[in-house]
Amino acid sequence: MTHSSKAFYWMAVPALLLFVTLHTIPALTGVFFSLTDYAGYGKWTFVGLENYFSLFKDDRVLSSYSFTFLFAVTTTIIVNVLALAIAMLLNAKIRFQTAFRGIFFIPNVLAILIIGYVFNFIFSNSLPLLGQWAGIEWLSTSILANEDLAWLGIVAVSAWQSIAFSVILYLAGLQTIPADLYEAADLDGAGYWRQFRSITFPMIGAFFTINMVLALKGFLQAFDQIVALTGGGPGTSTESVAMVIFRGGFQGGEYGYQMANSVVYLLVIVAVSVIQLRTLQRKEADF
Amino acid sequence: MTSTTEARATARTVTGRRRPRRGRLSDGVNWPLTALAAVLALTVLIPLYFTVITALKTPDQLGGSGFEWPTRIRPENFSDAWNLTNFPRALLNSAIVTVGAVVLTILSNSLVAYAIARNLHKRFFKFLYYFFVAALFVPFPIIMLPATKETALLGLDNPAGLFLLYTVYGLSFNVFVYTAFIRSIPMELEEAATMDGATTWGIFRRIIFPLLTPMNATVGILTCLWAWNDFLLPLVILSDPAARTLPLAQYVFQSQFNTNYTVAFASYLMALAPLLLVYLFAQRWVISGVMRGSIK
Chain A
76 MTHSSKAFYW
86 MAVPALLLFV
96 TLHTIPALTG
106 VFFSLTDYAG
116 YGKWTFVGLE
126 NYFSLFKDDR
136 VLSSYSFTFL
146 FAVTTTIIVN
156 VLALAIAMLL
166 NAKIRFQTAF
176 RGIFFIPNVL
186 AILIIGYVFN
196 FIFSNSLPLL
206 GQWAGIEWLS
216 TSILANEDLA
226 WLGIVAVSAW
236 QSIAFSVILY
246 LAGLQTIPAD
256 LYEAADLDGA
266 GYWRQFRSIT
276 FPMIGAFFTI
286 NMVLALKGFL
296 QAFDQIVALT
306 GGGPGTSTES
316 VAMVIFRGGF
326 QGGEYGYQMA
336 NSVVYLLVIV
346 AVSVIQLRTL
356 QRKEADF
Chain B
-18 MTSTTEARAT
-8 ARTVTGRRRP
2 RRGRLSDGVN
12 WPLTALAAVL
22 ALTVLIPLYF
32 TVITALKTPD
42 QLGGSGFEWP
52 TRIRPENFSD
62 AWNLTNFPRA
72 LLNSAIVTVG
82 AVVLTILSNS
92 LVAYAIARNL
102 HKRFFKFLYY
112 FFVAALFVPF
122 PIIMLPATKE
132 TALLGLDNPA
142 GLFLLYTVYG
152 LSFNVFVYTA
162 FIRSIPMELE
172 EAATMDGATT
182 WGIFRRIIFP
192 LLTPMNATVG
202 ILTCLWAWND
212 FLLPLVILSD
222 PAARTLPLAQ
232 YVFQSQFNTN
242 YTVAFASYLM
252 ALAPLLLVYL
262 FAQRWVISGV
272 MRGSIK
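From first to last, the protein sequence lines stand for chains A and B.
Under the working numbering, the first residue of the first sequence carries the number 76, and numbering increases by one thereafter.
Under the working numbering, the first residue of the second sequence carries the number -18, and numbering increases by one thereafter.
It is possible that some hints are incorrect.
Stated by the list, open to error - To be clear about the criterion: a stretch of chain A counts as covered by chain B if any three or more of its residues have a C-beta under 8 Å from a C-beta of chain B, and this derived list gives those stretches: (1) 121 to 127; (2) 157 to 167; (3) 174 to 180; (4) 201 to 212; (5) 242 to 256; (6) 308 to 321; (7) 330 to 337.
What the hints assert, rightly or not - Subject to a maximum C-alpha distance of 35 Å in a straight line, what follows is the list of computed DSBU-like cross-link-like pairs (lysine-lysine): (8) B:Lys130 <-> A:Lys118; (9) B:Lys103 <-> A:Lys132; (10) A:Lys168 <-> A:Lys81; (11) A:Lys292 <-> B:Lys130; (12) B:Lys103 <-> A:Lys118.
In case anyone wonders, no lab produced these hints; they're calculated from the structure.
Predicted model only: the values in this text are computed from it and were never measured.
Glycine is no exception: its CB is placed at the ideal position from the N, C-alpha and C atoms.
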C-alpha cells in the first residue's frame, strides 16, 4: 500500500465506522426485533413473522398508510404545479425579481412545526369567521376538527412550506435553457403554451424528476406538521405512518411490532422511489 | 455531473449575470405578471404578518378575525415567553447543535467525499459511495426506535450527540454532492503538488478544501436549515429537558400552555426570528447556495 492510498483509507474509514454504528446497526437491530414481541423494555421472545401478518389486519396501521399516501401524492402534485408556475413567473420579465425570489423562499427557512402552530390558530379561529361571514358552511367551523377536511389543512401547510424549495430548483432549471430557443420559437410563431410544452418542460425534465422524487419521499415521512396541526386527529384520521411508529414504539409498548411496520414502510418508500425514477426518466427520454 | 467550467458558469448565472430574458413587451417590464407575483407574495407575507401582530396583542384583542392591527401592545408577551420556554437556554442549545453540525459536516463530509472521489476505481471506495447513497432511501423515522435506544446507550442523548448524528446522517446526501463536484476538479494540480512532496492530507487542506468553497457553502446552508428547524430527531434523542432546542421548546410550551395564545405567538416569533434575520441579510447568498446544490 502506498503512502497516499493509506491516507485515503484514514479519511474514509472512521466515517464509515460511525455511519455503521449510528445508522446501519440500528437498522439491522430494528429488523431483528421486528421478529420478536419486544415491548421496548423487559423480556422478549421470537414470534417469527407474526408482527408482519398482524400489520395487515390492523385498521390503525392500514388507515395510516392510506392517509399518508393520499396526503403525500396530493401535496406532491400541488407543490410541483404551483412551484413550476411560480418559478416561470419569477423567470419572466418582471420587476423586483430578486425581492420576489427572496420572499418566496422565506417559508423554507422556517420550522414547519412552528408554522403549523401558526396555521393551526388561523384555521381554528380566523377561517371559520370568514366562512360564517361568506356563508360557506364547511368553512364555518374549524376544518382541523372535521374528520373529512382536516387532511386538507395539512396539505395546505405542507405545500406552503415546501413550494419555496421546489421553486428554487425549478428556477435553477429554467436558467439552464438558452434564450435563443425561445427566440427561434417566437419567429416560428409558436404560442406560449406550445413553447411551454415543446421547450420549457422537456428542457427541465431532470429538475421535474428530482423535484417529484424529493417531494414525495419527504411527504411520505410527514410528522412535524401533523403534530402541530391535528395531532393525528380527529380520532386517528390524520395519523401518518411515522406518527404511528413514534406513538406505538415509544409510548405504546409496541417496539417489535412497530419495527415490523418500519421495515414494511422502508420497502414501500424504496419501491415508490424506484418506480417513480423509472417512469419519470423514461418520460424524460421520450421528449 | 458537470465539468468545472459548467459549474463555474452556473455559479455565475446564479450570483450575478442573468441570462437575457424574452418578454412579451419587447424590452419593457411585464407589469401584469409583476402584479401577479405581488399578489402571490402575499400568501407568504400574510401568515408572517399574522404571527407578528398576534404576538403583540393583549389576549382580549383576539376576538375578531385576527388580522386586525393591534390597538394596544403587550410587550410582556415576549418576557413571559422568554421565561416560560427558558428561551436563552433553548437558543443556546439550538446554536450549539447547528454550529456544531455545520462545522463538523463541512470538515468531515468533504474529506470523506475527497477520498471516495479520487478512488472510485477501487472496489472498497466504490462500495462506500453506493453504501452511503443507498442510505438516502432509509429515512430517519424507519430507524428511530433502535437509533434512540442506541444513542442513549452510547451516552449521545445530548446536544453534542445530536450534532454528531446530523453529521453522520448527512453523509448520504453530502457525499453524493461533494463527490460530483470533486470529480470535476482536474487532477493536474494534485499531481504537481505530489511532485513537490505534498502529502495527501496537505493536498486536501491546501488545494482541495479551498476549491470546495462554493460546495461548502451549499452544504453548510442546507445543514444549517436542517439542524435548526428539525423536530423529530431532538424529540426522540434528547433526554434532559435542559437540552431542549427551540422547536422542542415550542412543542413543550404548546402542550403545557395551549390557551395562552398571545404569549405562544411571541414565543413562535422569537424562535423563528434568528434564522429569519440571518436569511434577510444573506438572502442572495443562501438562494444561490441552494441552487448550486441542485445543478449537478
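Results of checking the hints against the structure:
1. Counting residues of the region 121 to 127 of chain A whose CB lies closer than 8 Å to any CB of chain B gives 0, which falls below the minimum of 3, so the coverage claim is violated.
2. Counting residues of the region 157 to 167 of chain A whose C-beta sits closer than 8 Å to any C-beta of chain B gives 5, which meets the bar of three, so the coverage hint holds.
3. Only residues whose C-beta sits within less than 8 Å of a C-beta in chain B count toward coverage, and the region 174 to 180 of chain A has 6 of them, enough to reach three; the restraint holds.
4. Look at the region 201 to 212 of chain A against chain B: 3 of its residues bring a Cβ nearer than 8 Å to a Cβ of that chain, three or more, so the hint holds.
5. Check on the region 242 to 256 of chain A: 9 of its residues sit with their Cβ under 8 Å from a Cβ of chain B, so the three-residue criterion for coverage holds.
6. Coverage of the region 308 to 321 of chain A by chain B holds [criterion: at least 3 residues with CB-CB distance below 8 Å; count 4].
7. Coverage of the region 330 to 337 of chain A by chain B holds in this model, with 4 residues showing a Cβ closer than 8 Å to a Cβ of that chain against a need of three.
8. Between B:Lys130 and A:Lys118, the direct Cα distance comes to roughly 16 Å. Compliance with the 35 Å bound is thereby established for this hinted pair.
9. Proximity of B:Lys103 to A:Lys132 is assessed by CA-CA distance (about 47 Å); at most 35 Å being required, the pair is judged violated.
10. For the proposed pair A:Lys168 and A:Lys81, the alpha carbon gap of about 55 Å is over 35 Å, so the pair is violated.
11. Of the pairs offered as hints, the one joining A:Lys292 and B:Lys130 holds, with about 25 Å between alpha carbons and a cut-off of 35 Å not exceeded.
12. For the hint pairing B:Lys103 with A:Lys118, the CA-to-CA distance comes to about 45 Å; that exceeds 35 Å, so the pair is violated.
Checked against the numbered hints given earlier, this structure breaks hints 1, 9, 10 and 12; the rest are met.
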